[in-house]
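There are 2 protein chains.
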Amino acid sequence: MAFSRRGNEVMVVDNYLHRRLALKHKMPPLVALPELPERCQIWKSVSGYEISHAIGDIQDFEFLEGIVADFKPDTIIHYAQQRSAPFSMKGIEEARLTLMNNITTTFNLIWAVMRHAPKAHIIKLGTLGEYGTPNIDIEEGWIDIEHKGRKDRMLYPRQGGSLYHTTKIHDTDLLWFYVRTYGLTVTDIMQGPVYGVVTDETENHPDLLTAFDYDDIYGTVVNRFVVQAVAGIPLTVYGKGGQTRGFLNIRDTMQAIVLVAENRPKTGEMRILNQFTEQFNISEIADKVCKAALSLGIEAKVAHLENPRLELEEHYYKAAVNKLAELGLKPTMLTEKVLREMLEYVKEHQHKIDKTLIMPRVRWSHALQHA
Amino acid sequence: MAFSRRGNEVMVVDNYLHRRLALKHKMPPLVALPELPERCQIWKSVSGYEISHAIGDIQDFEFLEGIVADFKPDTIIHYAQQRSAPFSMKGIEEARLTLMNNITTTFNLIWAVMRHAPKAHIIKLGTLGEYGTPNIDIEEGWIDIEHKGRKDRMLYPRQGGSLYHTTKIHDTDLLWFYVRTYGLTVTDIMQGPVYGVVTDETENHPDLLTAFDYDDIYGTVVNRFVVQAVAGIPLTVYGKGGQTRGFLNIRDTMQAIVLVAENRPKTGEMRILNQFTEQFNISEIADKVCKAALSLGIEAKVAHLENPRLELEEHYYKAAVNKLAELGLKPTMLTEKVLREMLEYVKEHQHKIDKTLIMPRVRWSHALQHA
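Sequences listed follow chains A and B, in order. Count along the first sequence from 1, then add 979; that gives the number in my numbering. Count along the second sequence from 1, then add 979; that gives the number in my numbering.
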């Protein structure tokens, strides 16, 4: 929608993986959304612009190849990933699905582009989680290493905290190999956790919104805390709550992708950008949600849970985030106003909250317990 | 055989992938070898020891799981990889086979071990090619990075020169993730190109030898040069020939694996070792083969070919290789005697050489030429 309203010809390809998994694992979004064809029609009625679509799985190379050959895109935004860390840690089938889906979609995309649109700019959604939580500053993709009196610029060493994050490292390695071998043009945006509901394009129609997930598997932390506050259950902070991440508003994800598409890297370049707006630890997020809730008359509490994940709960964290600002990104901050908007959206749909979905069901040690 | 003759109970699992690809792509080894069941029988008649075997594909998880659950191995040596770089660069089908085979076998092995033999020591064959040719010293798996006044010990940044090498980087990331999450015990041996024909176990029977591949896709450089010298065709040095790698004798691969198995890392450790004996560039290898050939009365010549690969032809190369020496490895050097043994073995089978198999058929830029 962001590209369409700027006058671009846009095509969306979806295999409904997220929806199918949500059904199978009983983790519906807070508000049910119409399917893609209906959403395209609504968009047309709201904006006057047409978005074409195809329902299919880009793990099927021939399907994808046909689309790329016909549509000849200038820019491809690659979102076709299983992108939940807890899902990837649930069991062998979920792990396998994540690994296979994520590597196959990227591989097929690379080959479809090489064959039919070699000049296309591939924008891949990465994650800051690829870097993990190292004890040195995180740079944007590359690091200058001085070692035993010699120097080189190398891919920043990556170490993800879940199988999902590890598959994103695989993607980076795969794209970087094909970029330097065949001159593909790629931007990899390494994003932190996203919060928020509304973008410029979706505020005019509730059926155009993004799915608001709040369960333990799909829901990211701000969403979960907001739902817990509204539902009158304590905000579940995992462990000490000192886990620090860089967060961003959903409006800024759209802003970033448009900026990146309109400012292509050089042909044959693999450009890697980090994106987040503010760093918080989990306890700070909980405090902010409690404070915003109180301003709406909701008294929220915090409960520390045993951490279901394997992660450092207190650690150094400093990540560079300069390149998007240089392209002109105007950051949206996590203000009390933004949190109040989220709380109000959830309150409006309060009767739909299923409280049983929020407590963590997936433990990182799960596989061994069942061994 | 090396483990069997030391009194261990040994089982071999093979899906004949290497043989099937050799047939399909018409690249037979110099000497045809009997299949696995017959080789096990010959071994028994020669040594008195039994080696059990199963023919099947460990991409089939249930097949692998059954074997691990029944056999309950203490040590697993993971060779189940498509391990030819040129093969992985041939076209989309070969690339896909390499990517899928290599990631799936490693993933299945990890889960079979987690479920049925969580204390087993996984020995994975890696490759020095994962590191590429950086401008700083290559360390054994990990590097201490000092950056902006802070320090961390991180996975050495990897950048492989082919899709095959990239899949080995995937393996490393996958194993390292499951090691630190579930406490698996892994040794990753990063080997350079291997040369040689005979080991202590195979010298007593020609049908126990390893396949001697000399074609452009399976054959490594020393094998190819030896065959070219015997066949009276010039030794094909790719480009300037300044490409430097660390080489090792096939006897030392066996020595290393036995040493590594007999000296387990700590439970829950991912130990990464580099292995090569001597560094040479390709021109130096060609000179050595010419000299050894001359001592047998064969006059060999060198021809510089346009490089079919994308790689630096002159570069810094210094890789650490201390840990195997600390375990007691006694290196075998690439002496004139060793090369003469190889030349004599090939001469004995000279009539079987197919000269059409040696010139490079796969160019790294192949995919784009056909786009």
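Check before you lean on any hint, since a few could be wrong.
It does not matter which identical chain is used: a pair holds within one copy or between any two.
What the hints assert, rightly or not - Restricting the straight-line Cα-Cα distance to at most 25 Å, the calculated cross-link-like pairs of lysine-lysine (BS3-like) are:
no.	residue 1	residue 2
1	Lys1302	Lys1245
2	Lys1051	Lys1005
3	Lys1130	Lys1297
4	Lys1280	Lys1326
5	Lys1023	Lys1003
6	Lys1334	Lys1023
7	Lys1127	Lys1302
8	Lys1130	Lys1316
9	Lys1098	Lys1069
Worth flagging that the hints you see were computed from the coordinates, not collected in a lab. All of these numbers come straight from a predicted model, not from anything done at the bench.
Structure-based check of each hint:
{"no.": "1", "hint": "Lys1302 / Lys1245", "result": "within (15 Å within a copy, 42 Å between copies)"}
{"no.": "2", "hint": "Lys1051 / Lys1005", "result": "neither (38 Å within a copy, 37 Å between copies)"}
{"no.": "3", "hint": "Lys1130 / Lys1297", "result": "both (23 Å within a copy, 13 Å between copies)"}
{"no.": "4", "hint": "Lys1280 / Lys1326", "result": "within (17 Å within a copy, 82 Å between copies)"}
{"no.": "5", "hint": "Lys1023 / Lys1003", "result": "neither (31 Å within a copy, 52 Å between copies)"}
{"no.": "6", "hint": "Lys1334 / Lys1023", "result": "neither (36 Å within a copy, 64 Å between copies)"}
{"no.": "7", "hint": "Lys1127 / Lys1302", "result": "between (30 Å within a copy, 19 Å between copies)"}
{"no.": "8", "hint": "Lys1130 / Lys1316", "result": "neither (47 Å within a copy, 39 Å between copies)"}
{"no.": "9", "hint": "Lys1098 / Lys1069", "result": "between (39 Å within a copy, 22 Å between copies)"}
Checked against the numbered hints above, the structure violates hints 2, 5, 6 and 8; every other hint is satisfied.
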